[in-house]
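Visitor: Chain residues, written in single-letter form:
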Amino acid sequence: NAGVMQNPRHLVRRRGQEARLRCSPMKGHSHVYWYRQLPEEGLKFMVYLQKENIIDESGMPKERFSAEFPKEGPSILRIQQVVRGDSAAYFCASSLRLAASTDTQYFGPGTRLTVL
Amino acid sequence: AQSVTQLGSHVSVSEGALVLLRCNYSSSVPPYLFWYVQYPNQGLQLLLKYTSAATLVKGINGFEAEFKKSETSFHLTKPSAHMSDAAEYFCAVSGTQGGSEKLVFGKGTKLTVNP
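Top to bottom, those sequences are chains A and B. Per my numbering, the first sequence starts with residue 4, numbered consecutively. Per my numbering, the second sequence starts with residue 509, numbered consecutively.
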C-alpha cells in the first residue's frame, strides 16, 4: 500500500513564477491537509480539504495561495507570483477520518520549494 | 486556541542513555496529542498518539509518552538511546474545533546521539 505521494520533491522557481505542488493521498483516504515548514520552525497548518471541498483554510495566506482537491486526481497547492519568503518545505498529509480528532494523519515526503 | 511548547530545541545524549523530550500543551478542548519524528529531508512519521484512553502511551521504536493533565504535559521518553534515534521530534496537538482536525505543532527538538 503506497504512502502519501508528493511531487515534485524539489522545485526551483524564480520570483514571479507560479509553483504547483501535487499530493496523492493514501489509497482510500479522502481527507488532505497541507502544512508549511519554514527553516528552524515547526510545521504550520495551511488548509484542510475533502474531495471537492475546502473545509478549513484558516492557515492560508490571503493572497497568491490556493488549494484544490478534485473528485479525480491529486490535491494541488498553487502559489502564484512566488516570492523569496515562499521558500520552504511543503508537506501534505492524508487521513481516513474514521473518528475525527483521533484519526492519524500520514505525511508525504514533502516538496522543497526554492525561490531564486 | 491550541498551542504546543517544546522545551529545548536541541538535546544531546550518549548512546544507551535515557532520552527525555519535553512537550507542554495548551488547549481549550480535550486535547489529542501526537509525537512525530522527522529524519533529514524526509516527511514526518508518527511515533505515538494519545486519544484519551490510557495516559501512558507506547509507540514505535521503544518510545513512550505520558499524558499528565495537571501539568499539561506529554513528554516523550526512551530508556536507552540508539544512534538511529538521531532526528528531529515534533509534538503536536489537535482537537475538534469547527470540524477541522488540524495539527498544531511545536517548533521541534533535534536529538543528537553521541557514541
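Just to be clear, a hint being listed does not mean it is correct.
[To be verified] Computed far set for chain A versus chain B, every beta-carbon distance over 12 Å:
no., residue
1, 12
2, 14
3, 31
4, 44
5, 51
6, 79
7, 98
8, 100
9, 106
10, 113
11, 115
[Stated by the list, open to error] List time: in silico BS3-like cross-link candidates among lysine-lysine, alpha-carbon distance up to 25 Å:
no., chain 1, residue 1, chain 2, residue 2
12, A, 54, A, 74
13, B, 615, B, 566
14, A, 30, B, 618
15, A, 54, A, 65
16, A, 47, B, 557
17, B, 576, B, 566
18, B, 557, B, 618
19, B, 615, A, 47
20, A, 47, B, 618
21, B, 577, B, 615
22, A, 65, A, 47
23, B, 577, B, 557
24, B, 615, A, 65
25, B, 557, B, 576
26, B, 577, B, 566
Derived by calculation from the structure, the hints in this document are not laboratory data. Quick reminder that beta carbons are idealized off the backbone N, C-alpha and C, glycines included.
Visitor: Are the hints correct? Go through all of them and say.
Guide: Going through the hints against the structure:
At roughly 9 Å, the least C-beta separation between residue 12 (chain A) and chain B is not larger than 12 Å, which violates its mark as non-interface. Remark: the non-interface label on residue 14 (chain A) is consistent with the geometry, its nearest Cβ contact in chain B lying 14 Å away (cut-off 12 Å). The Cβ of residue 31 (chain A) lies farther than 12 Å from every Cβ of chain B, with a closest approach of about 17 Å, so its non-interface assignment holds. Not every C-beta of chain B lies more than 12 Å from that of residue 44 (chain A), the closest at about 6 Å, which undercuts listing it as non-interface.
For residue 51 (chain A), the requirement that its beta carbon stay farther than 12 Å from each beta carbon of chain B is not met, with the minimum near 5 Å. Every CB of chain B is more than 12 Å from the CB of residue 79 (chain A) (nearest about 18 Å), matching its label as outside the interface. Not every beta carbon of chain B lies more than 12 Å from that of residue 98 (chain A), the smallest distance being close to 8 Å; the non-interface claim is violated. Consistency note on residue 100 (chain A): stated as away from chain B, yet its beta-carbon is not over 12 Å from all of that chain's, at 7 Å minimum.
With 12 Å as the threshold on Cβ separation, the claim that residue 106 (chain A) sits away from chain B is violated: the shortest Cβ distance comes to roughly 6 Å. Not every beta carbon of chain B lies more than 12 Å from that of residue 113 (chain A), the smallest distance being close to 5 Å; the non-interface claim is violated. Here residue 115 (chain A) does not stay apart from chain B, with its beta-carbon only about 8 Å from theirs, under the 12 Å limit. With a C-alpha separation of about 6 Å, the suggested pairing of residue 54 (chain A) with residue 74 (chain A) holds against the 25 Å cut-off.
For the hint pairing residue 615 (chain B) with residue 566 (chain B), the CA-to-CA distance comes to about 23 Å; that is within 25 Å, so the pair holds. At most 25 Å may separate the alpha-carbon atoms for a hinted pair to count; residue 30 (chain A) and residue 618 (chain B) exceed this at roughly 32 Å. Among the hinted pairs, residue 54 (chain A) with residue 65 (chain A) is consistent with the structure: their alpha-carbon atoms are about 22 Å apart, no more than 25 Å. A threshold of 25 Å between alpha carbons decides the hint, and for residue 47 (chain A) with residue 557 (chain B) the separation of about 19 Å falls inside it, so the pair holds.
The straight-line distance between the Cα atoms of residue 576 (chain B) and residue 566 (chain B) is roughly 15 Å, inside the 25 Å bound, and the hint therefore holds. Between the alpha carbons of residue 557 (chain B) and residue 618 (chain B) the distance comes to roughly 20 Å, so the proposed pair stays at or under 25 Å and holds. The suggested pairing of residue 615 (chain B) with residue 47 (chain A) holds, with an alpha-carbon distance near 10 Å, which does not exceed 25 Å. Among the hinted pairs, residue 47 (chain A) with residue 618 (chain B) is consistent with the structure: their alpha-carbon atoms are about 18 Å apart, no more than 25 Å.
Proximity of residue 577 (chain B) to residue 615 (chain B) is assessed by CA-CA distance (about 21 Å); at most 25 Å being required, the pair is judged to hold. For the given pair, residue 65 (chain A) sits about 15 Å from residue 47 (chain A) by alpha-carbon distance, which is consistent with the 25 Å threshold. Among the hinted pairs, residue 577 (chain B) with residue 557 (chain B) is consistent with the structure: their alpha-carbon atoms are about 15 Å apart, no more than 25 Å. A distance of roughly 24 Å separates the Cα atoms of residue 615 (chain B) and residue 65 (chain A); the hinted pair therefore holds under the 25 Å criterion.
Pair hint residue 557 (chain B) plus residue 576 (chain B) holds up; C-alpha atoms about 14 Å apart against a cutoff of 25 Å. For the given pair, residue 577 (chain B) sits about 18 Å from residue 566 (chain B) by alpha-carbon distance, which is consistent with the 25 Å threshold.
The earlier numbered hints that this structure contradicts are 1, 4, 5, 7, 8, 9, 10, 11, 14.
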